[in-house]
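Asks: Using the sequences and the hints, build the whole thing.
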Amino acid sequence: MNVVVLVGRLTRDPELKFGQSGKAYSRFSLAVDRPFSKGETDFINCVAFGKTAELIGEYLRKGRKVGVNGRLQMNKFEMNGEKRTSYDVLVEAIEFLESKGTSDSSSYEPEYTPPLSKATPKEIEEIPYEDDDEFPF
Numbered sequence: 001m002n003v004v005v006l007v008g009r010l011t012r013d014p015e016l017k018f019g020q021s022g023k024a025y026s027r028f029s030l031a032v033d034r035p036f037s038k039g040e041t042d043f044i045n046c047v048a049f050g051k052t053a054e055l056i057g058e059y060l061r062k063g064r065k066v067g068v069n070g071r072l073q074m075n076k077f078e079m080n081g082e083k084r085t086s087y088d089v090l091v092e093a094i095e096f097l098e099s100k101g102t103s104d105s106s107s108y109e110p111e112y113t114p115p116l117s118k119a120t121p122k123e124i125e126e127i128p129y130e131d132d133d134e135f136p137f
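Each residue of the sequence shown is one higher than the one before, counting from 1 in full-length UniProt numbering.
Treat the hints loosely; a few may be bogus.
Unchecked claim - Listed next, the in silico SDA-like pairs over lysine to any residue satisfying Cα-Cα at most 20 angstroms (straight line): (1) K51 <-> K76; (2) K23 <-> V4; (3) K76 <-> S86; (4) K23 <-> V89.
No wet-lab data here; the hints were simulated from the structure.
Replies: What follows is the structure, given as structure tokens:
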């Protein structure tokens, strides 16, 4: 099983680009504090694709706190004749948490978080109820 869950802050504005096929992708880095350590932080490279990448590029900026669900991917490449390995988290879901300024202030004001989907309630398909009498639980 390959599952990654992170909560951290963006270290820079995300890079939104489009591949040759026109599919969007966005790269960003998260600063994630290590638990039970004083001042130690890991910097995790992340990449998202498609609509998620477009929303990240539109709404997220340096310092914004987010929650990321995804999977770890190892990439092998050659640079200047030297073999290298890098690791990226492929983002499958992202949750926009507070901005950098919110956590620094003593008074809390809720911040608007844009929806990840632009679907209106009329467009959401209702899941039909099915009677599960055949199951013993």
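Asks: Does each hint hold? Answer for all of them.
Replies: Results for each hint:
no.: 1; hint: K51 <-> K76; verdict: 27 angstroms, violated
no.: 2; hint: K23 <-> V4; verdict: 24 angstroms, violated
no.: 3; hint: K76 <-> S86; verdict: 7 angstroms, holds
no.: 4; hint: K23 <-> V89; verdict: 18 angstroms, holds
Of the numbered hints stated above, those contradicted by the structure are hints 1, 2, listed in ascending order.
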